[in-house]
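Residue numbers (the numbering used here), protein chains in the order written: chain A, 368 to 654; chain B, 3 to 251; chain C, 876 to 1223.
FYI, nobody ran anything at the bench for these hints, they're computed from the structure. Even glycine gets a Cβ: it sits at the ideal position worked out from N, Cα and C. There may be inaccurate statements among the hints.
Which stretches of chain C does chain B cover? Using the computed rule of at least three CB atoms under 8 angstroms from a CB of chain B, they are [stated by the list, open to error]:
# : segment
1 : 997–1004
2 : 1020–1029
3 : 1192–1200
Simulated pairs of lysine to aspartate or glutamate, EDC-like, Cα-Cα distance not exceeding 20 angstroms [stated by the list, open to error]:
# : chain 1 : residue 1 : chain 2 : residue 2
4 : B       : K197      : B       : D185
5 : B       : K197      : B       : E34
6 : C       : K1207     : A       : D488
7 : C       : K1207     : A       : D494
8 : B       : K197      : B       : E176
9 : B       : K143      : B       : E119
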Amino acid sequence: MSLMFEQLLNGLQFGMMLFLMASGLTLVVGIMNFINLAHGTLYMAGAFLAVAFHALTGSYLLALGLAIAATALLGLVIELLVAQPLYQRDHLDQVLCTFGIILFLNELARVIWGSAPLRMDVPPWLDGSVDLAGIGYPVYRLAIIAVSAAVAIGLHLVITRTRLGMLIRAGAADRTMVVGLGVNIQLLYALVFAVGAGLAALSGILAAPIFTVQTGMGDHILILTLVVIVIGGIGSVHGALAAALLVGVIDTVGRVSLPTGFGNVLIYVLMASILFWRPRGLFPSHG
Amino acid sequence: MNHRLLEVQGLVKTFGGITATDDLNLDVREGELHAVIGPNGAGKTTFIAQLAGMLAPTRGAIRFDGEDITSLGVVERVRRGIARSFQITSLWPALTLMENVAIAAQARQGHAFRFWEHAAGAAALREPALQLLQRVGLAAKADLPAQALSHGERRQLELAVTLATGPRLLLLDEPMAGMSGEDSQRMVALLGELKRSYTILLVEHDMDAVFALADRISVLVYGHCAATGTPEEIRSSEEVRAAYLGEEA
Amino acid sequence: MADSTITLAAGAKVARPARAGRLGLALGLSAVVLLALVPPVASALGDPFYVRVVTRMMVFAIMAISLDLVLGFGGMVSFGHAMFVGAAAYVVGIAGHHAAAGSALALGPLVLTGSTNAWIVWPLAIAVSALLAFVFGAIALRTSGLYFIMITLAFAQMLYFVAVSAQPYGGADGLPLETAPTLGPLDTGSRRTLYYIALACMVAVFLLCRRIVGSRFGLVLRASRFNQPRLAAVGVPVYRYRLAAFVISGAIAGLAGVLLASSQAFVSPADLSWLRSGELIVMVVLGGMATLYGPILGAFFYLLAEFVLGHFTEHWQLVMGPLLVLVVLYAKGGLASLLPVARKGGAR
């Protein structure tokens, strides 16, 4: 029982990390109609940059901040150079170009940091474990849940209470309408892309002490993220939250309780089933 | 000429809070050209979409040649002889005119699941396709890609593709959309000629064309058929004039 | 058919397979002859390794052609194509494994003993691929756009994880092929023999696909890439055509898979991965979509780059990534557009 509880918490934690990834991506796909396969490499970039900054500064928090900023900047560069010419092109072109970015960035990481996985330690002030309902649960993992929840609340407030949020929701539902509102579309797109990159970086940095930091670490996460946004409904951040938690829990619990092979496959079966009944996902934001 | 080929009874279509089709009753007699006119937003395209099978009505029935086709899909209706053309030109721009028409022609012939024979050279396809292109006046450009055509020519090709399915009933959704002058006149002449071989339901805004071609006219207002009659009856009707023709200036 | 000499809008190309102009035929024949000469030349030079390299290129070319059928001509962006290749390769591997171990595979009431007889194993492998393509395609083709990409990706991942978890068959480490299958008197383990089998298959697949694309079926397939609603509006039940194309494509990919197994003497989950599927898409696009010879060029180019650049640096993907981006942004016709063949072929 306590094992299951622990796994549920792990699933929750993993789900929150997926949410950070998915929220950014669902907006990019929903608002700009841009399939960004390179989103996983931004996750990886965040992790690597955090390791680098940590080695430089010795401070976890400083490394966190710098890495997020640097990755957001990287996101802006990608948006400017690759995404902008592709907004009007078809999905295949976008898939190919962002796939090219994956190849490039994965290899770049290998050039800079080598093939051997890097380690990033949990900061000492988040080390240790807490007694939760009879089991000792790592503080760090709780911190991940807390931070992600804070981000989720922050996003919710921005999306529902601010003008920017209104533009985002409008853009996700009907792109052309937003253009008609006389908004600076370039700026909006760049902002959404950069914020998405920052969120991906945060997810990667939070993940770094738990998983190893190595080239290609973003690939599997990318696929899970895509599954999440498809299940949740493209363009919907709330959908992304629901779907991320669902996927996170099912994937974690499934991999632990089912024989090997079946556990991994479970979320894909889940996705196929959901798409079968609700082809637009659980909370589609498009009309 | 009196046999009712198409019967629409109590057709209703609602989208959320909007009623696009509101208890529409209409019939089309075999051999006639029945025009449907009405102000913008009257639900003409929605009506055509339901007739063609692309949109499922909320309520009501559609009968074709006596058979209830309300629940049939698009492909089924084409097989029974109903074909529609599109208001916004819908073709395969990268394929040649010949190929555009051949696709419809081979679908009609019923054996397109053939993997071996070269389609472009097949006389069984090429001949009927050329004949149709001839009919709409595009035979000379048969081997050009459709995207090389002018807007007016594309509307003609749109018609040719629709004809290639060998229909009994043509649903034409503003075939003259975006045309002017010479192109329009050519299209009117073409439609006048097609009248002799096909039953046509024509949605159009061009009043000159409508009054020149139609045997009967139905006026659609807010998704409801407000009046049906001969061109003279419609032209002289006070209500129709007020509701529609008056707005047209 | 008259050659179209009308200048089209910039970049617009007609989606038709390249008719064999005289030049095209000459180029094609020369290419085949050149390829046929590789083994004797390689052994004269005392370096038979090249035979292996070019075999791999031809096998990948077959994969790329099969993908072009659905991707280039049908517009179906399948991110799971490698699974059809890998599945067939695994069938060969598993059959060989059981043959070597003298054990049998029990699938419910069905008990299969191993075999290294290609006449039995190869058709079985291809049939498995075709079946997978049918089942997965039937589901995936009900969706489109991003959802289609996702579903094909998901199915491929499922198969990948099954392969990784299949401990008796090597799991993540892969499965070596102890004995190469024999195709009658031909031993596919012999480098030279496999080379010529692969060459023959590549030429046959190319010709077959050209035939298919030019047929009535092909016409519908090509139209379905651009405008499906219109197809329905003229009475064509589009779904079954696309599914048929998907299955044919899967079967041909299966052929590539059995050749791959023999050529590598090994099969691993990497042969099923989505990254491999992505590489195949890259080959098709780099080479030139919807041309059929473009994918051949793309496969050769990609593997050549891997081979040549790999000699200088193991970081050759640093070049491939940006190159791909540049080609997609500015040279969409790919390598095929560089050829001076009298083409009406090649599509955007």
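Here is what the structure says about each hint:
Here's how the segment 997–1004 of chain C fares: 0 of its residues keep a CB closer than 8 angstroms to some CB of chain B, so the rule of at least three is not met and the hint is violated. Beta-carbon proximity to chain B at under 8 angstroms applies to 0 residues in the segment 1020–1029 of chain C; the threshold of 3 is not reached and the given coverage is violated. Counting residues of the segment 1192–1200 of chain C whose beta-carbon sits less than 8 angstroms from any beta-carbon of chain B gives 0, not enough to reach three: the coverage restraint is violated. For the hint linking K197 of chain B to D185 of chain B, the alpha-carbon distance of about 18 angstroms falls within 20 angstroms, and the restraint holds.
A C-alpha spacing of about 7 angstroms is found between K197 of chain B and E34 of chain B, which places the hinted pair at or below 20 angstroms, so the restraint holds. Taken as a hint, the K1207 of chain C and D488 of chain A pair is broken in the structure, with Cα atoms around 46 angstroms apart against an allowance of 20 angstroms. Restraint check for K1207 of chain C and D494 of chain A: not satisfied, since their Cα atoms lie roughly 52 angstroms apart, outside the 20 angstroms limit. With a CA separation close to 16 angstroms, the supplied pair K197 of chain B and E176 of chain B stays within the 20 angstroms bound.
With a CA separation close to 24 angstroms, the supplied pair K143 of chain B and E119 of chain B exceeds the 20 angstroms bound.
In the structure shown, a violation is registered for the earlier hints numbered 1, 2, 3, 6, 7, 9, in ascending order.
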